[in-house]
Amino acid sequence: MGDYVLELRGISKSFPGVKALDNVSLKVRPGTVHALMGENGAGKSTLMKCLFGIYKMDEGEIYLEGEKVTIINANDALHKGIAMVHQELQPIPERSIAENIFCGRYPTRKVGPLQVIDHKRMYEEAESLLKEVRMEYDPKAKLGTLSISQMQSVEIAKAVSMNAKVVIMDEPTSSLTDNEVEALFRIIEDLRKKNVAIIYISHKMDEILRISDDISIMRDGQYIGTWLAKEMTIDTIIAKMVGRELTNLFPPRDNKPGEVILEAKGLTSVNPKSFKDCSFTLRRGEILGLGGLVGAQRTELMEALFGIRGIAEGEITYKGEKFMAKRPKDSIRNGIGLITEDRRGTGIFGVLSIADNVSVASLDKYVDAGFVLNNNKIEKLVQDNVSKLSIKTPSSKTLIQSLSGGNQQKVIISRWLANDPDILIMDEPTRGIDVGAKYEIYQIMITLAKQGKAIVMISSEMAELIGMSDRILVMCNGRITGEVSGEEATQENIMHFATQFN
Amino acid sequence: MNTKKIDYWKILKENVLIWIVLLMVIYVSFVQPNFLSWDNFSNISINVACRFLIALGISGCLITKGNDLSAGRTVGLAACIAGTLLQKPDAAGKFYPNLGNMNLFVVLLIVVAVCCVIGLVNGLVVSYWQVPPFIATLGMQTIVYGICLVYTKAAPLGSYREDYTNLASGKLFGVIPYMFFVALFFGLAMWFLYNKTRHGKYMYAIGGNENAAEVSGINVKATKIRIYILASALFGIAGYFLGAKAGGATVNTGMSYELEAIAECTIGGVSTNGGVGKISGILIGVLVFELLKSSMQFLRINTSWQYIVQGIVIIVAVALDLRKYLAKK
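Top to bottom, those sequences are chains A and B.
In this text, residue positions in the first sequence follow this note's numbering: the first is 1, and each later residue adds one.
In this text, residue positions in the second sequence follow this note's numbering: the first is 1001, and each later residue adds one.
Chain A extracted, bound-state conformation:
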């Protein structure tokens, strides 16, 4: 047995038109947390999918405990001791926890000539496995009744039950609360003590520095190197990820807030559990931050303003006139755009081209003779935006799903810019986007503000909120609990308002 539990040598993988992995190697020590970092599109997930047998690699070798192995599919990987906790979990929510853990390898007993499932043993074993991941829960409960973090624990329990030597965690904390993250870290600590190696993919620097032993960095499908985590800082990691020194996380803000463009008074949702009595103003040329904890109803408030959700009470004055959007079209016609939080769910049209994705909300402008679309005008619009926002794409006919998260986000920004909006609401505009593209999106926001547009930015990232906003509104439990100016904003005073439950 070598020093490494897992060794990847010279792995290459191409997709049509892209070399996703180029001769990548990786060595993982047993009993360590090995962070795998890189910008989106650097090839981390692709590498893990090759390791896990979801993708077939073009070249390269995998050594598990010194022995060369070939992995044909996910099931094969599991039986060889490699488990994966997915970015998007794919469990069977309608079946019990125990069945999810033992799916495909149920404990059986013999009844006469038949092999039947031994439910008693399955539930007992499931229960003890759950205890190992610090979870007290009835293994007969439907998996669908669990929270995302509990489902993750179940996935880990499954990995434990298969005697996994390597557990891959791809962005495991992206939708967890702080407490849940702590719980996950305790489980990771337990696994490490059992000499299990964990490959940990995340964009969250503080997490990485806290829990990992080794850090490997990838860039543009290539392996850059592996370092001990304690020798690294956020700056050195970022520099290696982007291949240059990043002196500033945020561009200088030189926009000047002007006259009030929108004033909301006493907005209350039709849903009694959502926002109530929210009043605020928004100025031209301003970036208004909207902070708060998950569940503070920030998204709901803005989606209601846009016309996706219902408003029961309150009034909005927009450009000096009463305004209330009943449907998105009302807002769009009046110069309001919304970039939603869930890019894949409510943003992109995956199977459609970039041109279609850019033009879909402004087609009314590109019509000749009342109904014929002018494709030249659309193509010009797309080309303008591709160059203005520097969207990296082979052509306007490329399907949007083949772009990286940052470029997809730029396409969606283009979609709204095509309508030349006065207000652009951006809900978590940089979620799941790598450092370099984040900076570009910030630059775009400032440029737009300088053109006199008002920008509302909902963000759960403190640094972004403080670094980018001229003014920050903080929400808690459906109410606006405070307002701080960009200069005065600190993590502390934002958290103070964000926790004003009453």
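Treat the hints as calculated values from the structure; they're not laboratory data.
There could be a bad hint or two in this list.
[As the list claims (entries may be wrong)] Quick list of simulated restraints, FRET-style, between CB atoms:
(1) B:Ser-1280 with A:Val-111: 52 to 62 Å
(2) A:Val-111 with B:Ile-1026: 53 to 63 Å
(3) A:Glu-59 with B:Ile-1020: 33 to 43 Å
(4) A:Glu-59 with B:Leu-1188: 46 to 56 Å
(5) A:Lys-380 with B:Leu-1322: 32 to 42 Å
(6) A:Asp-368 with B:Leu-1188: 43 to 53 Å
(7) A:Lys-140 with B:Leu-1322: 49 to 59 Å
[What the hints assert, rightly or not] Below are the DSS-like pairs computed for lysine-lysine, each with C-alpha atoms no more than 30 Å apart in a straight line:
(8) B:Lys-1293 with A:Lys-377
(9) A:Lys-397 with B:Lys-1278
(10) A:Lys-365 with B:Lys-1221
(11) A:Lys-326 with B:Lys-1278
Values in this document were obtained by computation on a predicted structure and should not be read as measured data.
Just so it is clear, CB atoms sit at the ideal spot from N, CA and C, and this is done for glycine as well.
Here the structure of chain A is known, so what remains is to put chain B in place on it, guided by the hints.
Here is chain B on its own, set in the frame of chain A:
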């Protein structure tokens, strides 16, 4: 990848269906030289035209992740209504004994109008009641059959006026069948609609991501209603010409044509996952199916066996076609 060399293997692989059908056509024309005759061409184009109209109609539903199982029965009802209005003055047991000679085009309009009502109801139920299209149109299938039974009192119709049947059998300058132009017209019109109008773009957007379409300000409900109305209108037109071609109609005319149309669309690359599908693909799907049928008739294959072969072709065709997407993983 960046060389100008043509990737023959790729061209072969991505169009497997077309090559298979071409090979089959070549084989049949050697064995049965009549296959390549002008008569057979006319015959096939008449058959293709009706199926093509139905497939075009249903394609909009499929692209928006919907369906229209009432297609076949709507075709049947359209054929029956047209039949009752276009019988010869001296037909025995004429449906409306006192009816004069109605204008052919007026009858077509009446048929289409009735079908539009069916489509409107489908669209409303799917958009506003949010009944899954599969179920909504399954219910409508039964309702339309019932309406057809009530209207015709289950009596078969025949003795059509010659000007009506001539629409299907007639040829321009005695050479090119009228039906060829009908298919060409609607094919071009639908291509234009799908590619050059907002309605088309909205349709693909809804199929691609309905929630995102909503956020982008697309009136999803109205677009879907338009799609279902248009679908039924096309079924109506198909039924009108189908009646002319058959020279008669019964309550069973058009039965289960929707299944054939769905198969043809899928063979032609319309994805049931939504957002994907081209008019050219639909035409190819219909051609594959009709050429296959015609070839088998020429080879004098037992009709019972023809069904088995058709079924196999649907499955194999879609499986082969899916290869090109799966391979990219």
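Violations among the numbered hints: Failing hints, ascending: 6, 7, 8 and 11.
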